[in-house]
Amino acid sequence: MAITPPSERLWWNEPASKTELIWIVIAFLWGLVMFFMMIYWHGAGKQNLSNEAYRTTPVRYARKSQAMIDAYTVRQENNYPVVHPPPGSDVYLTARLWQWWPILEFEKGQSYRLHLSSMDWQHGFSLQPVNINIQVHPGYEMVVTMQPDQAGEYGIVCNEYCGIGHHTMVGRIYVVE
Amino acid sequence: MAKTAEFRTCPTTGLKVYLTAEKLIKANAVVAVIFLAVGGFFGLLVALTRWPAVHILPADWFYLALTAHGFDVLLVWIIFFEIAVLYFASAVLLGSRLAGPKWAWAGFIMMLVGAVITNVTVLRGQSSVMFTSYVPMMAEPAFYLGIILFAVDALIGCFVFFGTLVIAKQENTYEGSIPLVTFGALTAAIIAIFTIASGAIILIPTLLWSVGLVSYVDPLVYKTIWWAMGHSSQQINVSAHVAIWYAIAAMVFGAKPLSEKVSRSAFLMYILFLQLASAHHLLVEPGLSSEWKIFNTSYAMYLAVLGSMVHGLTVPGSIEAAQRGRGLTKGLFEWLRKAPWGNPAFAGMFMSLVFFGFIGGISGVVMGTEQINLIMHNTLYVPGHFHGTVVAGTTLAFMAMTYLLVPLIFRRELMFKKLARWQPYIFGIGAAGISLFMMGAGTLGVARRHWDITFSDAPLPFDYPSTAFLMMGLNGMAAILAALGGLMFIVIVVGSVFFGRKLGKNDKPSYPEVPPQGAAVAHYGSSDTLKIPGTVMLVGIFFIAFVLYYFVNWKYLSEVWPLS
Numbered sequence: 001m002a003i004t005p006p007s008e009r010l011w012w013n014e015p016a017s018k019t020e021l022i023w024i025v026i027a028f029l030w031g032l033v034m035f036f037m038m039i040y041w042h043g044a045g046k047q048n049l050s051n052e053a054y055r056t057t058p059v060r061y062a063r064k065s066q067a068m069i070d071a072y073t074v075r076q077e078n079n080y081p082v083v084h085p086p087p088g089s090d091v092y093l094t095a096r097l098w099q100w101w102p103i104l105e106f107e108k109g110q111s112y113r114l115h116l117s118s119m120d121w122q123h124g125f126s127l128q129p130v131n132i133n134i135q136v137h138p139g140y141e142m143v144v145t146m147q148p149d150q151a152g153e154y155g156i157v158c159n160e161y162c163g164i165g166h167h168t169m170v171g172r173i174y175v176v177e
Numbered sequence: 001m002a003k004t005a006e007f008r009t010c011p012t013t014g015l016k017v018y019l020t021a022e023k024l025i026k027a028n029a030v031v032a033v034i035f036l037a038v039g040g041f042f043g044l045l046v047a048l049t050r051w052p053a054v055h056i057l058p059a060d061w062f063y064l065a066l067t068a069h070g071f072d073v074l075l076v077w078i079i080f081f082e083i084a085v086l087y088f089a090s091a092v093l094l095g096s097r098l099a100g101p102k103w104a105w106a107g108f109i110m111m112l113v114g115a116v117i118t119n120v121t122v123l124r125g126q127s128s129v130m131f132t133s134y135v136p137m138m139a140e141p142a143f144y145l146g147i148i149l150f151a152v153d154a155l156i157g158c159f160v161f162f163g164t165l166v167i168a169k170q171e172n173t174y175e176g177s178i179p180l181v182t183f184g185a186l187t188a189a190i191i192a193i194f195t196i197a198s199g200a201i202i203l204i205p206t207l208l209w210s211v212g213l214v215s216y217v218d219p220l221v222y223k224t225i226w227w228a229m230g231h232s233s234q235q236i237n238v239s240a241h242v243a244i245w246y247a248i249a250a251m252v253f254g255a256k257p258l259s260e261k262v263s264r265s266a267f268l269m270y271i272l273f274l275q276l277a278s279a280h281h282l283l284v285e286p287g288l289s290s291e292w293k294i295f296n297t298s299y300a301m302y303l304a305v306l307g308s309m310v311h312g313l314t315v316p317g318s319i320e321a322a323q324r325g326r327g328l329t330k331g332l333f334e335w336l337r338k339a340p341w342g343n344p345a346f347a348g349m350f351m352s353l354v355f356f357g358f359i360g361g362i363s364g365v366v367m368g369t370e371q372i373n374l375i376m377h378n379t380l381y382v383p384g385h386f387h388g389t390v391v392a393g394t395t396l397a398f399m400a401m402t403y404l405l406v407p408l409i410f411r412r413e414l415m416f417k418k419l420a421r422w423q424p425y426i427f428g429i430g431a432a433g434i435s436l437f438m439m440g441a442g443t444l445g446v447a448r449r450h451w452d453i454t455f456s457d458a459p460l461p462f463d464y465p466s467t468a469f470l471m472m473g474l475n476g477m478a479a480i481l482a483a484l485g486g487l488m489f490i491v492i493v494v495g496s497v498f499f500g501r502k503l504g505k506n507d508k509p510s511y512p513e514v515p516p517q518g519a520a521v522a523h524y525g526s527s528d529t530l531k532i533p534g535t536v537m538l539v540g541i542f543f544i545a546f547v548l549y550y551f552v553n554w555k556y557l558s559e560v561w562p563l564s
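Going down the list, the protein sequences come from chains A and B. Under the working numbering, the first residue of the first sequence is numbered 1, with each subsequent residue one higher. Under the working numbering, the first residue of the second sequence is numbered 1, with each subsequent residue one higher.
If you're looking for bench data, these hints aren't it; they were derived computationally from the structure. Misleading hints may appear alongside valid ones.
[Claimed, not checked] Below, computed lysine-lysine pairings styled on DSSO-like, alpha-carbon distance capped at 30 Å: (1) K18(A) to K330(B); (2) K23(B) to K102(B); (3) K555(B) to K108(A); (4) K18(A) to K531(B); (5) K261(B) to K18(A); (6) K338(B) to K18(A); (7) K555(B) to K46(A).
[What the hints assert, rightly or not] Here are some, though not all, of the chain B residues that point toward chain A, as calculated from beta-carbon distances under 7 Å: (8) P52; (9) P257; (10) L258.
Glycine included, C-beta positions come from ideal geometry on N, C-alpha and C.
If we strip away everything but chain B, and leave its shape as in the complex, we get (with noise of 0.2 Å):
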């Protein structure tokens, strides 16, 4: 049993911290913003670049920068948050110590170590391979090394996690079963350890090909191995902000599930069927059947949709439903036009639902359908969605959720509050901008990964449409909005953190407001009385767009030269 010394109680939301946990939290939350930092100024680069009329970046720099930014956005910040979310769903939310702190340290220093060896790899010029590296394509053995090391220790993260919950149970540190959120978070580990060994089981014969040990690595192997990390990476990430979506109704509405067993198998879901999302970049490949591509690329039949869809009613719901119970029952909307819109931890989670919904959500769904793909593989449609995703929806639910960490966990008071308000805002409607431009822009045929699409120096050049160079104009100020949201996170978070007042034993901060912890809703399926209509709104408008948008793909792809 640990010692109670080693435990603080918060006194704002009750919660017992062990304090090693609530360390290693704040070591992985303060490296992974760095990161976001560097590969955020990176995405920059790449953004102003393929504007045409700015153009800023020389070719080989424009590629370095890319593979740069895809690796340090999309993996390090990513996953260097995603442990601390780990850290914080187990030993924080089930009052419970860690286990073995010993190794979290260890697989956190080897992380940092290998996500530098990358970096420094990357920078050195000669590895300007893109995040994917697709064979035959080479880089430097230490290219893959890095990554080999990042993803390894990660996965040292998740069974720290693992343990941590055997722990708690055994110590009897809550009763019952663990919490919704904990369960999202064991969704996200379950699938990370699946992740993580595709990535080694591919990424350790191509660094062994890369020092000349193995001859060959077929392309289309490589490919199918490589996307079952690369997709399914992403899947963590949804499983995480999902549950960060339910920890900040919680923590800010009070807000309860409408009932845990939907909530729960819409979980459940994620660990069965995502990881058949490997498919997606195979759609328009040679070798694979139709009925292989079919059956996977829709997650058998959606059903890993279908969980989102569910999470898309339930969360919002539970949230009118606390509303709604505190008395705001007036009209469909009541519930939502008071909600604390000056709240950057609320503001930002709502912005990351509905981003993800609608933009992301949908436009992967579209663009996963087998014979739509394409018109859209490989065009700048792709990052488009996915920015839809991973920018506008997980990246803005983790910020939306340090502006709560900051002062809970740090136990820092957070400075530049009125920034703090504008800044999800800035953000959000700048990465909501960049991923509709893109999609434009690849609706019309533009590559993606691509330095010039003026193809000056093309020995046969190919004019895009003029609406294209829009396109990419509109995209490069989104980008600058949205790297000005950033620049506008890392000064107020860095500031509190390092900076801010520091909070007292038993201060409460100020901002962003957590109200006391009273339960809004008596206990869940109580739904059945306490109507959610504003939220059915919601879905309907979000049903409709989902199936005219499906729709009009169609018929843009029956207008496309017959193939067979």
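If we strip away everything but chain A, and leave its shape as in the complex, we get (with noise of 0.2 Å):
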């Protein structure tokens, strides 16, 4: 049994049934499939993270964040600028607590490389109903290349958490034809 040491002492002799040998190749090989899986999207899947990041600072990364706003900034709504950067530039969202800053707006179709950082917690960048989920560092910036495929309005949901207001941290991106 087994919580009796085993019944023959050399156990390590005793052949595996069939069965359970069968199982473990099928297992093995899925397990395989499951890894070349992973690998096989890099090439022929559109939906990878990239692996551009850089170190940064709070201060420097606002900066730069301060000057994308500063150029393309179309509008004002609840206090928040709405930026509408050209297509394929550098876009910097900002994670602060609590707020994703500021409002963007993408032209459906083009893509955008999207910098991601935080000033102070760390924070999780949803996008939704998209369902895209990464994670945001202070100190790291992270550079995406998102392409949106559909217009409309999109809500960021905060979904690290980081404090007392998390649950009122969400931002927005638009989605125009």
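Each chain sits in its own coordinate frame; assemble them with the hints.
Take a look at the structure:
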């Protein structure tokens, strides 16, 4: 039994049953399928997270974000600037207690180099209802190339707990035709 | 050599039980159950708050309760119980005296002190940083201090276990190799060493940072090392509850492993590969390469998953072989149909096996796929997954084991037998419901650790789909069911332990039935002649579900905005 020492002293010489061996082979092969699926998707799939990231500081990042806001703000909404950057450009979204700053406006089908960084604690970029989720760290600047493929109004929910105002931290992205 | 007077012989199993080990097992198990009650209560409050129609706690209390819930059940309940399992699997199963009983007592007391310090600190309200305490969010120093104290003293329990193995070997208390269950416990203890070392490596500098002696802790480094503790500690649970599955199969059915070699190799896979799982929490972080993520998140080509899939065959397989050996050979499933479903030890164990595989296991692998993690990270899918592993899997298995510990170790007749028959079902179904509904809400994008998904105070509000609200309501109801099951468990166990009829020296408990320990299967390896078609069918269903669900999620991923 499993609660007593093995009945055969040389238990490692006992044959394993055929059922077990077949299952081990199937499970092992399935593991390989799942492993190579991730690699395959890097070539064939369209949804891969970039490895591009830099060390930064809140001050440096805020300066770049502000330069973008100054250049491309098209209107104000709820005291938020709405920024419409040119397609293909670098876009700086700032996470801070408890805002995603500023509101962004993208054009459908165009791609943007979206930079993400935090001014204070960790935050979670959760684009809804698309459901893309990326962790945002202070001191690190991540660059993700995104290509919105449907027009509409999208929310950015914070999904990393960031203190008492966490549940009020919602941003917005518009995608226009 | 220990004196015979320090031992008693168990009238049911014939095991020689060292009395000091027995006392330590009792103490650890009782404290574990108390923290399960406390942590479970916080969990119920959390679930009721996340049910938008109920929304019972204000925001500050919600985040406080969630921090306490995570710490008390994920760490304190489980590790106290695991220490009891370690002492059981070494001293009791090997019929040996326990190494360093004074150390074991000191470790027990200091663990308790640590757990109390952290709980009190959380209740003071200035340390609602969640169980994970990601820097640069800062808790009061005592929060980290309590966890460090708790973890480091749990290490003593591991060393007492190792010491006991050495003593048993030297004093020849058993023949040949250690039993499979002890081997599983050894796996858990080895992983525990790695886990606790990782915890100490990151929490000690964090403690120094919180008192101002260290100026900076890098958030990404913190997360990488913290999860080497946080995720690996869940792998201790996996090893421990798989060992318990084998133990219950042995005690209730007299089941033997189909082959010692296969089952032990599967445990070995855990030791070699499970520690890589820290990567599961880092798949959408900046600054880590895809190569690193793919290798680590897959436990080096899914070799630890292979271990679990093997146990998924060998545990029910050994039960089937034992039952068929008793003559329950009709059709595919007579062995299962006529299993003792009214015995809470078996019912809990078997549901734990099924839920851990189908709910916790499959969802974990899918979510841990590098790219698929993008549509799940930090949504409620994550707690949905780990309530499937830790609650429906580990906690249910530990509860099932407790039904055997009460008569055999506490030497008390189990009280409220009718309630005990139902308890595993109520708790198990509640826990499975919690997992599934949270995973459902997570698939719809709902954030975890979030007080108000209506965003009523947010300057730029957003609406989750109405199905998400339905999921949160169902999750709340499932949580009530699980809490009811938890309460039943605590009433039964605390009642029996303190007020149950004492069993005399030679009394055998009447319930749950532990049949005479005759071998149902002559020896392992005999399954060549003893087929297990029912288990093959179950495993086949599992595999099909796994493959389908895996590719469905790739399809979901392919529908989101292109990213590169």
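How the hints compare with the structure:
no.: 1; hint: K18(A) to K330(B); verdict: holds, 22 Å
no.: 2; hint: K23(B) to K102(B); verdict: holds, 12 Å
no.: 3; hint: K555(B) to K108(A); verdict: holds, 22 Å
no.: 4; hint: K18(A) to K531(B); verdict: holds, 10 Å
no.: 5; hint: K261(B) to K18(A); verdict: holds, 13 Å
no.: 6; hint: K338(B) to K18(A); verdict: holds, 26 Å
no.: 7; hint: K555(B) to K46(A); verdict: holds, 12 Å
no.: 8; hint: P52; verdict: violated, 12 Å
no.: 9; hint: P257; verdict: holds, 6 Å
no.: 10; hint: L258; verdict: holds, 6 Å
Violated hint for the displayed structure: number 8, the only one.
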